[in-house]
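K.L.:
Next come the chains, spelled out residue by residue.
Number of protein chains: 4
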Amino acid sequence: MTSIHRAVLRITCPDRAGIVSEVSGLLFRLGLNIHHADQHLDAEANLFFQRIEFPVPEDWERVSAELKKALDGMGMHSSLRRLSERLRVGVLISKHPHCGLDILDRHRTGELHCDVPVVISNHADLGPEISRRGYTFVHEAIAGNKAEQEQRILARLAEERVDLVILARYMQILTGNFVAAYPNQVINIHHSFLPAFAGAEPYRQAFRKGVKLVGATSHYVTEQLDEGPIIAQGVTRVSHRDTVKDMERKGRDLERVVLAEAVRCHLEDRIIAYGHKTVVFE
Amino acid sequence: MTSIHRAVLRITCPDRAGIVSEVSGLLFRLGLNIHHADQHLDAEANLFFQRIEFPVPEDWERVSAELKKALDGMGMHSSLRRLSERLRVGVLISKHPHCGLDILDRHRTGELHCDVPVVISNHADLGPEISRRGYTFVHEAIAGNKAEQEQRILARLAEERVDLVILARYMQILTGNFVAAYPNQVINIHHSFLPAFAGAEPYRQAFRKGVKLVGATSHYVTEQLDEGPIIAQGVTRVSHRDTVKDMERKGRDLERVVLAEAVRCHLEDRIIAYGHKTVVFE
Amino acid sequence: MTSIHRAVLRITCPDRAGIVSEVSGLLFRLGLNIHHADQHLDAEANLFFQRIEFPVPEDWERVSAELKKALDGMGMHSSLRRLSERLRVGVLISKHPHCGLDILDRHRTGELHCDVPVVISNHADLGPEISRRGYTFVHEAIAGNKAEQEQRILARLAEERVDLVILARYMQILTGNFVAAYPNQVINIHHSFLPAFAGAEPYRQAFRKGVKLVGATSHYVTEQLDEGPIIAQGVTRVSHRDTVKDMERKGRDLERVVLAEAVRCHLEDRIIAYGHKTVVFE
Amino acid sequence: MTSIHRAVLRITCPDRAGIVSEVSGLLFRLGLNIHHADQHLDAEANLFFQRIEFPVPEDWERVSAELKKALDGMGMHSSLRRLSERLRVGVLISKHPHCGLDILDRHRTGELHCDVPVVISNHADLGPEISRRGYTFVHEAIAGNKAEQEQRILARLAEERVDLVILARYMQILTGNFVAAYPNQVINIHHSFLPAFAGAEPYRQAFRKGVKLVGATSHYVTEQLDEGPIIAQGVTRVSHRDTVKDMERKGRDLERVVLAEAVRCHLEDRIIAYGHKTVVFE
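Heads up: the sequence lines are chains A, B, C and D, in that order. Under our numbering, the first residue of the first sequence is numbered 1, with each subsequent residue one higher. Under our numbering, the first residue of the second sequence is numbered 1001, with each subsequent residue one higher. Under our numbering, the first residue of the third sequence is numbered 2001, with each subsequent residue one higher. Under our numbering, the first residue of the fourth sequence is numbered 3001, with each subsequent residue one higher.
Since the hints were made in silico from the structure, they are not lab data.
Simulated restraints on C-beta separations:
(1) D:His3240 with B:Arg1241: 37 to 47 Å
(2) C:Arg2152 with A:Ile173: 51 to 61 Å
(3) D:Ala3181 with B:Gly1144: 54 to 64 Å
(4) A:Glu44 with B:Ala1147: 54 to 64 Å
(5) B:Ala1200 with A:Asp125: 57 to 67 Å
(6) A:Glu58 with B:Ala1065: 35 to 45 Å
(7) D:His3077 with A:Pro128: 51 to 61 Å
(8) C:Arg2082 with A:Ala143: 38 to 48 Å
(9) C:Lys2068 with D:Lys3069: 29 to 39 Å
(10) C:Gln2172 with A:Glu148: 53 to 63 Å
(11) B:Glu1227 with D:Ala3017: 51 to 61 Å
(12) A:Asp125 with C:Leu2030: 36 to 46 Å
Below, a list of computed lysine-lysine pairs in the DSS-like style, where the Cα atoms sit at most 25 Å apart:
(13) A:Lys209 with D:Lys3209
(14) B:Lys1250 with C:Lys2277
(15) D:Lys3277 with A:Lys245
What the simulated footprint calls covered on chain D by chain A, stretch by stretch (three residues with Cβ under 8 Å from a Cβ of chain A suffice, anywhere in the stretch; the number is not a length):
(16) 3193-3206
(17) 3211-3217
(18) 3222-3235
(19) 3269-3282
Backbone N, C-alpha and C fix where the C-beta goes; we use that ideal spot for every residue, glycine too.
Okay, chain A solo, but in the shape it has when bound (with noise of 0.2 Å):
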């Protein structure tokens, strides 16, 4: 079955005996098979995750408002999400296109299965081969005013109904009222194994320090910067031989999978972030 087909359910709650049976036990009296489950127990914090794949069922109207209402009767957070309901994802980009371009060619590929209406970059320089590729490319230069510019981004992003922000290698930091309006919702990429060498240049940075590996974080963006629920990481080897450029052209490689990793991910409600960690059921 593709995965249009497909809807998942998320719960979060405070653990306690007989959930799994009850959950079970209630999409099995509204007809509804479960194809895939997975769960978690974080025991230092008692809170129990799930998440559950089933076909979508013919009266799916009916049937998802009394799931919805029962889970809200037990007293559990929950998301449920037809997978065929695809996500608007806004990409935000500056002048590195490795990122940004991955990501459309991953959509356009079918790869990720959401949709683009905007991409948007604080420079023009990009603009001739997103619009090539048949996106909607919109310049928001700082010109000065990095507060009125963020706000006209906002107001761009809700007038497309974003449910997802790409920072991929967007390279500006956002401000608290920014995040505010998307939770969990923007997705970063940065370019080194966080917490080490978070802040500016981190290849200059491992350069210096001589580490032996170089890599790739993807997280939710939080108010600190650098500091949200990590999603993914990669690494790679270097060694002596490498020079920044080198580790740079390494990170690209990096960049783009583990960025495209986390967003595939998000799209398919694989993610549940609490507190400044995430479950990843992969």
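Fit chains B, C and D to the supplied structure of chain A, relying on the hints for placement.
P.N.:
This is chains B, C and D only, laid out in the frame that chain A set:
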């Protein structure tokens, strides 16, 4: 909760609607609280697999009997075990010490929860090393009659009530007779990334081929040499600089880790073998 | 110093005392300053390999002629090239776009220093995508006569004075005739960890076998299918959860990186192929 | 040729034209045949590094003296050693056995060519284990006076003429005094991917941060805690399922391999430390 107070249930059955609900409902009625559950559906084979961990109830004898009976009634193939019932492991070695000693080290330091009543070798060389660590070492020389030697090994393993046989670089091919006595209960480590370089001298084969990665594969032993269900695999980088000796050195580290991973998963009932594949619930 | 002002000398010869001294003495007398040197001795084959990078001297024509003449006199097989003399690359593709487009992206963004005068396919599908990026696309359909189609491709590559042919998931087997025209000048990407799963549908083979890692291999093409000298390899983790489609998705990321690595090394004269192996000076 | 008949020359000097030619010419005139050479240029620091392996000549005393004298005359910082002159290694441990025992195992099986005259611990626990393997174990308790304990350790290391100190999970911070006595001759294994999670309890830090990879770092010890030149690093995947205990288990395998790699490179004179970085000629 430490592992010794947990029980593990594994289920395999043809897929149909409602299995998850039925099983979790059954556990709930028996007062068992699911601490961890993992499941898998092989859509091609129409087979459903599940592994459930729950705390051992006080009246284990009664509850486990009821559980087993109910599952049998539901037509499910199942296994049920308290992790405190340690498996009994027989280790077979030849002359290479690294894998065998590593398994014993992990046993002594408590990483592998099992009993190791006997270590058997077709060579006497490693006897002192094994004995010094406090393990029973048995030398069963082939001495021109391999069939008889294998019979003596089987007799000893039976006498020690061994549940799992580990071939820790045991350099003899087992007969179908031996394999039939321990179905999916003999774990081998092959020093290549199978199915590449099956058979003898895989590092030499890899060197001749000029590959850029060498691997190791742990698998259950079947009658077909190096063809049994794969449990775990790993690889490490090599280059034109690496001689066969270098590959052997790098390979030893891989072999240890890949074998130990397979053994740990087996001891914790994390593996379900079916056909010539495995489900490994990590 | 950027790569375009560097020259690369590669030497292969039977090993004997004093080679390094002779070669470095020769370069010194010609006023050439070694910026980077790497060497390798295959003791079994008694072959010595060396790669030397040095800044291009002002009177290149004279100096390079003298250098080449002296090396010939010393009985050495050598190649000499200024990296500013960009190789001319022909890309062959079929229907899978990811490897071909990735090579073109890396070319356009300056990561791969070469010219790409032509992209040829046995299918028309990717034409618009290629043309839109500003590359010349040629559709050479097989149309029942594969020998003639291959002749037309060879003619076009010759016309474009192509130095390197990249098979970016080109799904046709080349004849010995084609391979002989470009010895160690055709790079293929095979979507498995060779020598495992040579031939058709490697991901399906991997799925059936139940391996826990899937790989990709870039290699020079010889008359033996999937048997040519290996240049680079990579692997990525899979589990029982991964369908053939999931393996294909994960594999695409591997294939891109492993192919690009091989092409970059070839373009920078980092590879020396001998027998059915390679020396890759990273 | 086995390693014991080889000599290794390491050179560090400011970069200038003709160095490679001068050095290789010098070796040639002394009748020394370069078997392996590797070099590196740090363009920022304008420093040239070279490592050369050659067979030990019959009249070693005379030839090595001439070589050293000539190199001194050329203003080069150099080291020269026959690999048959085994380094003397002191191993410092605390309560975690895995790294220390692993180093001893690699020593006994001939993987690490060195002498290990003494193993010292601030705890008595591992004494029997070490002694049983035939090594000299010394218990130096801190007993309220850490400075005196360190003095006793230094005295013992001096008495044993130790060339290299390995901190195999030795859980005490060394004073500047100790470090000054063994500049770039103390190798530590830190159980994180430095510079992330320096200091105490790195796996707990990693767990709290929710990283998706945990690492290990071997480095020379300097006065700055966990800040010395990095020699080798490795990482392994973790997920939300992994507890701190799981990370510790996975980490032990990493720590062993990463520490052993650093020690092997040091014993074979493959490392040149400069500033707070290393060149590692593999």
